[in-house]
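Just need the whole structure built from these sequences, with the hints factored in.
Number of protein chains: 2
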Amino acid sequence: MSAVPVTTSPSDSGAAPPRVVVEQVTPSVDGGRYPVKCLVGEELTVGADVFADGHESVAAAVAVRPAGGDWRQLPMRHAGNDRWLATIRPDRTGLWELDIVAWIDAWTTWRHDAEVKADAGVLEPVDLAIGAQLLADAADRAGPAAADAEHLATLADRLRGTDPASALPAVLGDERVDHLMWHHARTGTATRLDRVRHLDVDRERAECSAWYELFPRSWGPPDRHGTFRDVAEHLPYVAGLGFDVLYLPPIHPIGRTHRKGRNNATAATPTDVGSPWAIGAAEGGHTAIHPDLGTVDDFRFLRDRAAELGLELALDLAFQCSPDHPWVAEHPEWFRARPDGTIQYAENPPKKYEDIYPLDFGTASWESLWTELRGVVQHWIDEGVRIFRVDNPHTKSLPFWDWLIADVRSRDPDVIFLSEAFTRPKVMYRLAKGGFDLSYTYFTWRTSASELRAYLQELTTPPVSWFFRPSFWPNTPDILVPPLTGGSKNAFATRAVLAATLSASWGIYGPAFELMESTARPGADEYLDNEKYQLRTWDLTRAESLAPLVQRLNHIRRDHRALRRNRSLHFHPVDNPHLLAYSKTAGPDRILCVVNVDPDRTQEATVDLDLAVLGVRESDDYVVHDLLGGESWRWRGRRNYVRLDPASETRWPAHVFSVEIERRR
Amino acid sequence: MSAVPVTTSPSDSGAAPPRVVVEQVTPSVDGGRYPVKCLVGEELTVGADVFADGHESVAAAVAVRPAGGDWRQLPMRHAGNDRWLATIRPDRTGLWELDIVAWIDAWTTWRHDAEVKADAGVLEPVDLAIGAQLLADAADRAGPAAADAEHLATLADRLRGTDPASALPAVLGDERVDHLMWHHARTGTATRLDRVRHLDVDRERAECSAWYELFPRSWGPPDRHGTFRDVAEHLPYVAGLGFDVLYLPPIHPIGRTHRKGRNNATAATPTDVGSPWAIGAAEGGHTAIHPDLGTVDDFRFLRDRAAELGLELALDLAFQCSPDHPWVAEHPEWFRARPDGTIQYAENPPKKYEDIYPLDFGTASWESLWTELRGVVQHWIDEGVRIFRVDNPHTKSLPFWDWLIADVRSRDPDVIFLSEAFTRPKVMYRLAKGGFDLSYTYFTWRTSASELRAYLQELTTPPVSWFFRPSFWPNTPDILVPPLTGGSKNAFATRAVLAATLSASWGIYGPAFELMESTARPGADEYLDNEKYQLRTWDLTRAESLAPLVQRLNHIRRDHRALRRNRSLHFHPVDNPHLLAYSKTAGPDRILCVVNVDPDRTQEATVDLDLAVLGVRESDDYVVHDLLGGESWRWRGRRNYVRLDPASETRWPAHVFSVEIERRR
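Top line first, the protein sequences correspond to chains A and B.
Last residue of the first sequence: number 665 in our numbering, and the count goes up by one each step with no gaps.
Last residue of the second sequence: number 1665 in our numbering, and the count goes up by one each step with no gaps.
Simulated from the structure, these hints should not be mistaken for laboratory data.
Values in this document were obtained by computation on a predicted structure and should not be read as measured data.
One should not assume that every hint holds.
Taking lysine-lysine and the BS3-like style, the derived pairs with C-alpha atoms no more than 27 Å apart in a straight line are [said to hold, decoys possible]:
hint: 1; chain 1: A; residue 1: 532; chain 2: A; residue 2: 351
hint: 2; chain 1: A; residue 1: 489; chain 2: A; residue 2: 426
hint: 3; chain 1: A; residue 1: 351; chain 2: B; residue 2: 1352
hint: 4; chain 1: B; residue 1: 1117; chain 2: A; residue 2: 117
A few chain B residues that don't get close to chain A, going by computed Cβ distances all over 12 Å [stated by the list, open to error]:
hint: 5; residue: 1119
hint: 6; residue: 1125
hint: 7; residue: 1133
hint: 8; residue: 1169
hint: 9; residue: 1261
hint: 10; residue: 1309
hint: 11; residue: 1332
hint: 12; residue: 1342
hint: 13; residue: 1638
For every residue, glycine included, the Cβ atom is placed at its ideal position computed from N, Cα and C.
Written as structure tokens, this is what we have:
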């Protein structure tokens, strides 16, 4: 198992190096450098190539433990072509360790040879003596387990007895012998992995969650800055839509120096409220609450009220400062100084963002900075927050996130981090490898059926599915792109259906989404009169709201566990490039979606279903119930007709079918 | 770059952890656990994903050195999507080390920003001051290189001078500044790989060689045991066929106890010569020479005579003993003892091989055994042997081979080991990962076009092509399988063409192959009257010999370097399942083969050439010269007709075309 051993004499460790090879362990992220993600209680199949020289049998076990706990070994089984498998099911959240142990299995080798020789009539007394020796040696090793030792010694004696030939079937047929020999007959040096692998075991919301983002300051009465108490009053609306995570943009005091005005104007008027991401003012920084939102007690009231309604609060971690942030005066060493003594503001040349001072994660004082930032996270954890949406993590040092997340989760493994890394694919993936549980994705820009199919196949198959969990957002306060800028209700519906059914985690920025806000600021892929820079007033009672569809989708997700995971996603061929057909399954729960990505035009097609994926046999009748439109059809065989017509009053631009099999006798 | 860092405080190493990520290094075997193979003087492109947080530029270099030598750094270039590449060309054989160094490139970042700001007219004095600081800091670091330091300091002064705006173009346009800053401006902690990678750099015969195997004892006059001197007399025949490696089965004394008779008979007659693989007798063991073959001087005579004719001797390493081997008495601890005190002979229950005692590589005395075996190899290296064909390496401890080969090659990197591991695929590959330069393959049993295509695609693409080099043998003394058992000359020709053109290394067991010996012993996939157990007399002058074709193939291989490597192999579509069309290219040298794998029937087809692979444009005329049959055809475009007719006197069941482009003006 060692790398290129350039030595001039064999190792002098005493025992010969282990003979069994263990390779190609799965699941695996970058050869074990990063943990594999899974959910608590979920089954995970561990595989490895296990083999040795020669013709002897090998045996292998997966060893697992919660970090710091006791190791447990589970036997692996040979699945052919030297591939060995075992299924584990981690039963608590947090970091787990995984190793593989493999050894030459002298007992199984002897058993096989003895059986073959006995069948061929060439078994000799010495063969039985070898078996007896194996049993006796194992009995010695089993000493502390007295009952085991005694049983093995008895079997050894039988093989050495006066009638060994008749003893052989009795020994080989003994119900306990293989089990006892698996435990006690290991000889020689066992092989172990050259590095222990890690599993990051999460609670369910780390993969499956429905997020609603709102700006609290817009939820008061018209013309007054909204408060946590105002939001608390509207929580039944959000909970009623079926969401389970309520995400608030930064709730901290907002800087005044270089504050941005409405529509991102360079100069703010005295009444402009500023961007919540320009964090820090005289009132405090990342652990303070904006006075206009309320007090810490108001925050706790909102948190508790949300919890009563099944909503978990998610806060924003935006590790950057306004020029007014207390850290600027207290810790200038945490920022990058320019030769003229000024602090470097954010820029993307030639653009300048003078309202934001980035923190310098590589400062010589990085230890005190990192520790302070961990303190911020811990502050909100102590306030009962367990979910964080991290703003632009890709502009902060990657080793910082590796350290921060591992550190926080070592103490509180239920904390979930969502990465808002709209950046290059490898950076996005590296953040996930380093610990982020969930990530925003390119879904927001993937609109054609072929783009979506290719992207989802990448996300839901190894290796990506082993470390990256997507969260699909049709919109965010920062991003308003086609097809939503057209304002078509069908387009909004299509994007909602895709997000909610393709990905186990989805979210919307509301009420802009369900109220189908669709006007972009000229020259920007961003909303006009964006809440990032001003208060808005929303009419939640508007007749044209998409709220009923959003609610329906969330209820379907709650009722159908097939939609609560990503790995079973399967695309089915369909002979119209504007339609996407896919299924997700979880045991008997089968969801089949057919979505029109050209939703303002009628599209029809024949879907060519992979019946095996759906658990349907060629001879089965099956009924597809449209959980959106309410209609049902009886289908049979692979090829079935679908039609999605935008003019129809009762139909959405998608079918979300539950598939029910009517098995013939 | 570290694995899951579970700590409760940031590292206290002083400097912040490196910000640049280096991932997905290629070429790579099992994440760097085993070396990548390449040939001396060959170009190897090293790739890695390199990126960091934020918007600063990164830079990366490949660092390489022969093990123990001095590191050299070569810049990597960005090839898009965060992938970085550099091409290296190791210039001596042996183990090399490879690392990647990557850092935040402050100079390139500043250069880019300054250019953008200058273009937009927003460049400020402080921006120039930042550049001047970078140059001055680099000048300080370049101190020992005085000329560099002075040049950088001068540039810094210009940016700080009275007319900095006009200085900017001069500084950015300086011819040396980027080069100097690449060397001297590195700040912060650079990233390195978490383990240094290894390259195993071989001489050309480790990939490209033509082997001829013969039993010296059959090369004397009829009815006398042949000698090394007899073989020496026939060397012009072997060299004339164009081979460059002459491989001899074991040349050691042969055991008498349980000696096998002709045709593998359990009992030998007194005149039976026995199998050369039953090594060891009163006359000696693995370092002795069978007295009937001659003396050590005769061996040296043969070796030197072969060298004069361009033939390199390859010896057989068969690490097993006859019961008469001196080790059995001197070192019983190197064998496995049974409870009755006897030594365990080889068996594959219910079959017994009582003429062979396997060595016990896991014995408690493994160190003295391994050292003795290394001594055997060194003995023959000292006798001028640099190529070993290793018998059944898969029945000996894999860590033993890892150690032995690395140890031998650390002293003599020109030694080549060919693995005769006809075993399961993962074991075969693991032997190659552990150091075997070449390996026998499943080619011997792959006969249909689709089987061959699939197998060759596996062998010639990563990751397999990074560690495994095939040697294709149509026959061996142990293996006589269809299609050769039919005795058809066309079948022999097809197998020779496939082996010699698909694989850069090929070999035959002769003269059985070229004389088209085709009778199997009933019930065995082995020759009747096999030379393994008896002397044979061969009539090399037989009219029906395939020698002219074998000679032609070896000469084509010498003249066309396209055939001397494996990685350029490309299959072209052909509309007849009995034909295989493939090309190999090396610069302007282009070979295109069309082979009939149903060679006793006429097969015709249209070949649909991937012209780009051949360097041919749609508008080109090109001429295909059949290097076997001698005819030429002028072709144009992708689709061309071929016909291979067994009845034709002048044609072989294959075309081996050299492709010559006639470019239009």
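Verification of the hints:
For the hint pairing residue 532 of chain A with residue 351 of chain A, the CA-to-CA distance comes to about 19 Å; that is within 27 Å, so the pair holds. Taking the CA atoms of residue 489 of chain A and residue 426 of chain A, the gap is about 35 Å. The hint is violated against a cut of 27 Å. As the CA atoms of residue 351 of chain A and residue 1352 of chain B are separated by approximately 82 Å, the hinted pair breaks the 27 Å bound. A C-alpha spacing of about 85 Å is found between residue 1117 of chain B and residue 117 of chain A, which places the hinted pair above 27 Å, so the restraint is violated.
Listed as outside the interface, residue 1119 of chain B is inconsistent with that label: its C-beta sits roughly 8 Å from the nearest C-beta of chain A, within the 12 Å cut-off. Against the 12 Å criterion, residue 1125 of chain B falls within the reach of chain A, whose nearest CB is about 8 Å from its own CB. Not every CB of chain A is more than 12 Å from the CB of residue 1133 of chain B (nearest about 6 Å), against its label as outside the interface. Taking the minimum C-beta to C-beta distance to chain A, about 17 Å, the non-interface status of residue 1169 of chain B holds against the 12 Å cut.
Here residue 1261 of chain B stays apart from chain A, with its beta-carbon at least about 21 Å from theirs, past the 12 Å limit. The claim that residue 1309 of chain B is not at the interface with chain A holds, since no C-beta of that chain comes within 12 Å of its own (minimum 35 Å). The claim that residue 1332 of chain B lies off the interface holds: its Cβ sits roughly 16 Å from the closest Cβ of chain A, which is beyond the 12 Å cut-off. Some Cβ of chain A comes within 12 Å of the Cβ of residue 1342 of chain B; the nearest lies about 7 Å off, and the non-interface call is violated.
Listed as a non-interface residue, residue 1638 of chain B keeps its Cβ farther than 12 Å from every Cβ of chain A; the least gap is roughly 27 Å.
Checked against the numbered hints above, the structure violates hints 2, 3, 4, 5, 6, 7 and 12; every other hint is satisfied.
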